[in-house]
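Undergrad: Going down the list, the protein sequences come from chains A and B.
The opening residue of the first sequence carries number 2 in our numbering; numbering runs sequentially from there.
The opening residue of the second sequence carries number 3 in our numbering; numbering runs sequentially from there.
It is worth saying that the hints were derived from the structure and are not from the lab.
Heads up, some of the hints might be wrong.
With the Cβ distance kept under 10 Å, some of the chain B side facing chain A (calculated, not the full set) [unchecked claim]:
hint	residue
1	G268
2	F347
3	T349
4	H350
5	L352
6	I354
7	R426
8	L428
9	F432
10	L435
11	R439
12	V442
The beta-carbon is built from N, C-alpha and C at its ideal position, and this holds for glycine as well.
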Amino acid sequence: MELDRRDLLMALAGGTLFAATPLAPLSAAPRRDWAIVLSDLLPSNESARAVGRAYLDTEPADFDPQRLVEDLFEGQDRAEMQRLRGAVASAVRADFEAGRTVSLHGWFLSRTESQLCAMVTLLEA
Amino acid sequence: MYVDARSLSDGERLEADLCIVGAGAAGITLAREFIGSGLRVCLMESGTFEMEDEVQALCQGAVLGAEFFPLDQCRLRFFGGSTNHWTGFCRTLEPLDFAERPYIPHSGWPFGAEHMRPFYERAHKVCELGPPTYAVEDWVDGMPAPFALESGRLNNAIYQYSPPTRFGQAYRDELEKAANVTVLLHANAVNIETPAEPDRVTGIAAATLEGKRLRIVARDYVLATGGIENARILLNANRVQAAGLGNAHGLVGRYFGDHPIVWRSGLAVFGEGYPNLEYYCRDTRVRGHLVRGVFLPTEETLNRECMPNWAMTLMEARLTDASEGARSLKTLVAQAEAGELLDGFGTHVLNIVRDLDQLAESAWHRAFDTQIRIYTTRYWCETPPDPESRVLLVEEQDRFGLRRAGVDWRLPGDFYANIVKSNRILAEEFGRLGIARLQVFPDRTPENKDDWPHIQFESSYHHMGTTRMHADPRRGVVDADARVHGISNLHVAGSSVFPTYGHANPTLTITALAIRLADHLKTKQRDL
Numbered sequence: 002m003e004l005d006r007r008d009l010l011m012a013l014a015g016g017t018l019f020a021a022t023p024l025a026p027l028s029a030a031p032r033r034d035w036a037i038v039l040s041d042l043l044p045s046n047e048s049a050r051a052v053g054r055a056y057l058d059t060e061p062a063d064f065d066p067q068r069l070v071e072d073l074f075e076g077q078d079r080a081e082m083q084r085l086r087g088a089v090a091s092a093v094r095a096d097f098e099a100g101r102t103v104s105l106h107g108w109f110l111s112r113t114e115s116q117l118c119a120m121v122t123l124l125e126a
Numbered sequence: 003m004y005v006d007a008r009s010l011s012d013g014e015r016l017e018a019d020l021c022i023v024g025a026g027a028a029g030i031t032l033a034r035e036f037i038g039s040g041l042r043v044c045l046m047e048s049g050t051f052e053m054e055d056e057v058q059a060l061c062q063g064a065v066l067g068a069e070f071f072p073l074d075q076c077r078l079r080f081f082g083g084s085t086n087h088w089t090g091f092c093r094t095l096e097p098l099d100f101a102e103r104p105y106i107p108h109s110g111w112p113f114g115a116e117h118m119r120p121f122y123e124r125a126h127k128v129c130e131l132g133p134p135t136y137a138v139e140d141w142v143d144g145m146p147a148p149f150a151l152e153s154g155r156l157n158n159a160i161y162q163y164s165p166p167t168r169f170g171q172a173y174r175d176e177l178e179k180a181a182n183v184t185v186l187l188h189a190n191a192v193n194i195e196t197p198a199e200p201d202r203v204t205g206i207a208a209a210t211l212e213g214k215r216l217r218i219v220a221r222d223y224v225l226a227t228g229g230i231e232n233a234r235i236l237l238n239a240n241r242v243q244a245a246g247l248g249n250a251h252g253l254v255g256r257y258f259g260d261h262p263i264v265w266r267s268g269l270a271v272f273g274e275g276y277p278n279l280e281y282y283c284r285d286t287r288v289r290g291h292l293v294r295g296v297f298l299p300t301e302e303t304l305n306r307e308c309m310p311n312w313a314m315t316l317m318e319a320r321l322t323d324a325s326e327g328a329r330s331l332k333t334l335v336a337q338a339e340a341g342e343l344l345d346g347f348g349t350h351v352l353n354i355v356r357d358l359d360q361l362a363e364s365a366w367h368r369a370f371d372t373q374i375r376i377y378t379t380r381y382w383c384e385t386p387p388d389p390e391s392r393v394l395l396v397e398e399q400d401r402f403g404l405r406r407a408g409v410d411w412r413l414p415g416d417f418y419a420n421i422v423k424s425n426r427i428l429a430e431e432f433g434r435l436g437i438a439r440l441q442v443f444p445d446r447t448p449e450n451k452d453d454w455p456h457i458q459f460e461s462s463y464h465h466m467g468t469t470r471m472h473a474d475p476r477r478g479v480v481d482a483d484a485r486v487h488g489i490s491n492l493h494v495a496g497s498s499v500f501p502t503y504g505h506a507n508p509t510l511t512i513t514a515l516a517i518r519l520a521d522h523l524k525t526k527q528r529d530l
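Extracted from the complex, chain A is given alone in its bound form (with noise of 0.2 Å):
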């Protein structure tokens, strides 16, 4: 069976760090908390913010800071970056490998990757 994107990023982020020290899911962490968590994925804001605004000229349904993040990370855990940015390098590559891709200025991306570059642009809106 196919995982999906949060199917992986909980299997891979979650599992046995959730349930040894069961935290606040980042769906429910305050925005800042957010900026925080893509800042320590995405070191380049001037980047995050432009890769974002193509997307959300592309995707505009995902104009919503709320829904990003519930699709982002519903259920993860934001004590283990470490964990988090591999789940994310794998959510990226099953995006590929499933087909979420969205063309940007004629580069494909995943839509994973896309949608953390949006949600730095709602963020700062």
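Based on the hints, put chain B in the right spot on chain A.
TA: Frame of chain A, contents of chain B only:
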């Protein structure tokens, strides 16, 4: 034996068992197959052993449709034909190329890949290729490692290179020594003669540029003058039937195809973690044979996406490829100093993905070091058979009073969309492997994104389909034996008989079909 038609008497009549018009890959292969057969062969050639301007000028014609090379540049009219300028890139057609595909109207051959296998094996020797296998596992042990493509969407594959065999040079001595083969140089076919009821050919009227007239009479005749000229000769043979010979259903000249090639269909940026891209961008000699790795779509991909067949390979990007805005060396230097080889958005993309997807230390930072990791994707494809894409006669005439050819090449409406789709498939494979990101049509900008003509493509000198093969005379000019429907002793050789084209360069298939036709004609002549 070689005979210069100019040395013969005006009005001379020559007799043979088989008359072949045209000494390119198909004609020379056919003639060679008859060496020692006891049958008399006359092989007609318009030129001689070197290109002559006056002869080559007979190829002039009109370009009426899509971008196309001038007709006197995209083919050669002297002994050896267009093998005098081919690159030698060879591959057999895929099994799917022979099949009738429901999503490609008019597709399908009267026989399949398995039927062609023994002829391809013999053609490999003629084209001086390696073993007749294109299975990657038969070659990869001598090549740089390809990517581990496991998604089922793409396959690694190889093309082989012929040296390239210049048929006119490689087989010149052999034909000179052949007692039963007469190569008639400087002889131009100016008419195909038939009775009033054109059920057979009674002779080929030929002429030299100096004005001598000849007549060649044979039991069987083969047109082997190339994908444009075969149609032109049939259409000009209109003294008995106004529409031309073999053209009762108006098919001669239609379904013209070529392989459009896009040199910069995409721009791929690789992380430095991947050790070797040479499988896809370098020719490699394996056990003495030159081969090149390519990406091919799987049959499942083509059937699912309803796409014509295509292939892609990688080419190391020149600086100008990676620098959309570069207009001068000064600009390039400035960009190099600033570390900017991609446009602004591309730089942002790589800033993001290098951290998200382990494209660490992305190559654009180091593009001026020895490890350049920016590549363009070179794409080529078949065009679906289209009756509106055609060779026709224009009003202008050549020195023999024959109307010249016009080429109205039509590209399918989804041509560009399929290039995007193909690059997306490759991009998704790169993304799945975590090794690269890819931008399709890097030359597009927000200003020109809806304007396609700026996408540069070229034709490939592969002229196909104009006397297509089909068992039904309403759907093909020649039958499965390459015989012109309704005419008992006229056959056609060359890529003009291809009903569907595949992505592979055609010379190997032309040669294989010529061998197949020779077998058929030998049997036919024995039975007479």
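Undergrad: All hints, please: hold or fail.
TA: Evaluation of the provided hints:
1. G268: holds, 8 Å
2. F347: holds, 5 Å
3. T349: holds, 7 Å
4. H350: Status holds, d = 4 Å.
5. L352: Holds. Min distance 8 Å.
6. I354: holds, 5 Å
7. R426: holds, 6 Å
8. L428: holds, 9 Å
9. F432: Cβ of F432(B) sits 8 Å from chain A, so the hint holds.
10. L435: holds, 8 Å
11. R439: The hint holds - R439(B) has a Cβ within 10 Å of chain A, the shortest such distance being about 6 Å.
12. V442: holds, 5 Å
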